[in-house]
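Work out the full structure, taking the sequences as your base and the hints as a guide.
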Amino acid sequence: EDIADRAERDKNIMFDCLDGIDIDKITSDGLSIRVGDKVLKLNVISQTPIPEVAEIKEEFRQKLNQQQRLIKSKINDKINEITEYHHSMRMEYQRKEKELKSILARSAPMPDVTYSHAQQGLSVVKGDGKDRLIWLVQGVYWPKTLDHKQIDPKFSKKMISNIVFMIETSGQSVTSASTRKPIGLDYFSHYHQSRPDCWGKWKRATIWKNPTDIIKIAREAEAVLENINTGSIAEPNPRGLPRKSTLGRHLIEDKKS
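Per the UniProt record's numbering, residue 1 is the first one in the sequence shown, and the count goes up by one each step.
A portion of the hints provided could be inaccurate.
To be verified - With a cut-off of at most 25 Å between alpha-carbon atoms, the simulated DSS-like pairs for lysine-lysine come out as follows:
(1) Lys74 x Lys98
(2) Lys144 x Lys126
(3) Lys201 x Lys244
(4) Lys126 x Lys157
(5) Lys98 x Lys126
(6) Lys126 x Lys96
(7) Lys216 x Lys244
(8) Lys244 x Lys158
(9) Lys158 x Lys144
(10) Lys144 x Lys98
Rather than coming from a laboratory, the hints here were simulated on the basis of the structure. Note that the structure is a prediction, hence the values are computed from the model and not measured.
Structure (structure tokens):
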């Protein structure tokens with residue numbers, strides 16, 4: 001039963017009780033008088049209307065009706081107040097429930113990232129939309145070969161840069177992998193940076209089952225970047241790195257020849 005219907009029913013019951021009070025029904029069947037140890041009982045054998053009594057009863061009737069109306073008004077106000085309060089509480093509850101359901105619909109349980117994963121440079125944040133996650137894996141950009149020809153280690157060490165591999169997932173699917181700067185997470189500038197990165201023939205895993213799979217993808221990407229493929233250069237002069245033409249002068253083979 002709805003609270004408003006129940007309140008209306010209870011109100012009508014109370015109003016019926018008030019309406020049942022009738023001054024004409026207030027009568028006396030007799031009178032008892034105690035005198036010493038004797039009680040005298042007077043019984044009504046007939047009634048004769050008395051104008052004064054009728055006037056008094058009418059006055060009482062008007063006052064009674066006035067009080068009944070006042071009581072009804074108070075009851076009605078209180079019932080309306082309770083009903084409105086219940087309605088507002090129900091609306092607030094429904095609003096909160098809808099808001100919570102909306103949050104739950106967009107949210108996804110966070111994966112079980114342990115301290116061991118963090119030691120390997122892994123962290124994770126929620127992405128936009130349901131079941132979307134952004135994984136951040138700390139790594140190093142260190143190109144060691146040019147078209148699989150070794151770059152002089154003394155020279156290549158100058159190119160070492162700390163980077164972040166940003167891997168995005170939706171549900172259990174891996175949707176993207178890119179290199180980012182550690183501060184601000186802008187794209188990291190390197191020879192194969194096409195926003196997102198050009199990964200050549202490398203095919204990353206498309207499904208992940210646990211955080212270790214994400215770390216594995218990042219380490220594979222890190223290994224791919226160790227070689228600079230001159231056939232797919234996107235940035236010949238990346239910020240903070242030598243020009244492509246400069247790299248060719250620091251190959252081990254050239255120095256031996």
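message: Under the constraints set out in the numbered hints, which ones does this structure not fulfil?
response: 1, 2, 4, 7, 10
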